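Each residue of the sequence shown is one higher than the last, beginning at 1 in the UniProt record's numbering.
These aren't lab readings, by the way, just hints derived from the structure by calculation. Please read these numbers as outputs of a predicted model, since none were measured by experiment. Note that beta-carbon positions come from the ideal geometry of N, C-alpha and C, so glycine has one too.
Below are the PhoX-like pairs computed for lysine-lysine, each with C-alpha atoms no more than 25 Å apart in a straight line: (1) K367 - K166; (2) K163 - K369; (3) K369 - K166; (4) K163 - K367; (5) K375 - K166.
Here are the in silico distance ranges between beta carbons for each label pair: (6) T357 - A194: 21 to 27 Å; (7) R305 - G118: 46 to 52 Å; (8) T135 - S11: 23 to 29 Å; (9) N49 - E126: 26 to 32 Å; (10) T325 - A366: 33 to 39 Å; (11) K369 - A86: 31 to 37 Å; (12) E61 - A222: 38 to 44 Å; (13) A245 - T40: 35 to 41 Å; (14) T325 - R82: 46 to 52 Å; (15) T357 - G242: 33 to 39 Å.
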Amino acid sequence: MVTDVSAFPASFEFATATRVVFGPGRLAEAPEIIRGLGGTRVLLVTGANPARARPLQESLERLGLHVTVFSVDGEPTVERAREGTAVALEAGCDAVVAMGGGSALDAGKALAALAANGGDPLDYLEVIGRGQPLTRPSLPFVAIPTTAGTGSEVTRNAVLGSKDAKVKASLRSPHMLPRVALVDPELLTGAPAAVLASSGMDALSQLIEPFLSARANPLTDALAREGLRRSARSLRRAVLEGPDASAREDLALASLFGGLCLANSGLGAVHGFAAPVGGMLDAPHGAVCAALLPAVLDVNLRALRARAPEHPSLPRVQELAVVLTGRADARAEDAVTWVGALRKALGVPGLGRYGLTEAQVPELVAKAKGASSMKANPLVLTDAELTEIACRSR
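The task is simple: from the sequences and hints, build the whole structure.
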């Protein structure tokens, strides 16, 4: 079943990293790729365990490059971005490489932009900052993901948390697209089941939301369909049984395709909520998206039927059900059931586990309404619908 896309705009743009390198064992090519960018002083951004990037650091140093390591413990913040920018400038870095999960990649992307443009992160941040444009190209940036969830290696934004505003917001610019995205599925070997679950559900949401988005286009549709097929057949098995080579490839491609889709067709209410939730609670982004996805999908389906029965996104929910379940006779409701059952099977908790209380729901709804991701949701949700999503996701 393929949805008729004639009701969607035929005019669109598609932007991504200058070069995408994908495949098992391709990490070995990273040192020469990085040297080929022309810089001599590299800022190597890692996650909480910099030891994982040490072989890459040593390979770069053997090629004669000077490497400064900057580690990000947890999701990046405005404060940490300031610290990292100062480190990059003091070391005279002329290239940035990030190796790690989405947090490390977002941090690296932000530091490459800020080191080139100057100023403070709040000069450029959406929602909580001054929202000024980044006018200069970022330092050459290479993204090497070690998890399969965010798709940050091919997006043009970096999410930073603000402790003061208790929200997450994005630096965003075409200048922030990575010069090279190097995706090696072998880097998923040994990943903890909880990481595979939360990151995999994040990738799934980043395929579903662009597919249902008000900005959907034929190019991202093709990527979303393929990514959904791969996620549906491999995510549960990879988490519960451990990822073999074929599952690692499927999860890495699903994440990559999700990043390409969200960067060019937008997201929706899952990520509209995820930004303020991430600022209000100490909760990993992927787990937040996983907790929200079933309720968002259900509420959107009911809202479309009630208020926009001719909306082109409505038949796509049924197509989504067919892809996810593998059944040609699947109904739209089956997509909601399948996603909810997957979240339960993978053991992803609700937002109450991270401290969301009933008293915080009105604040969360108010902040979610203003999130940039909400603009691409298939239709505008009412306060009552948004409240239902927040309460059901607890």
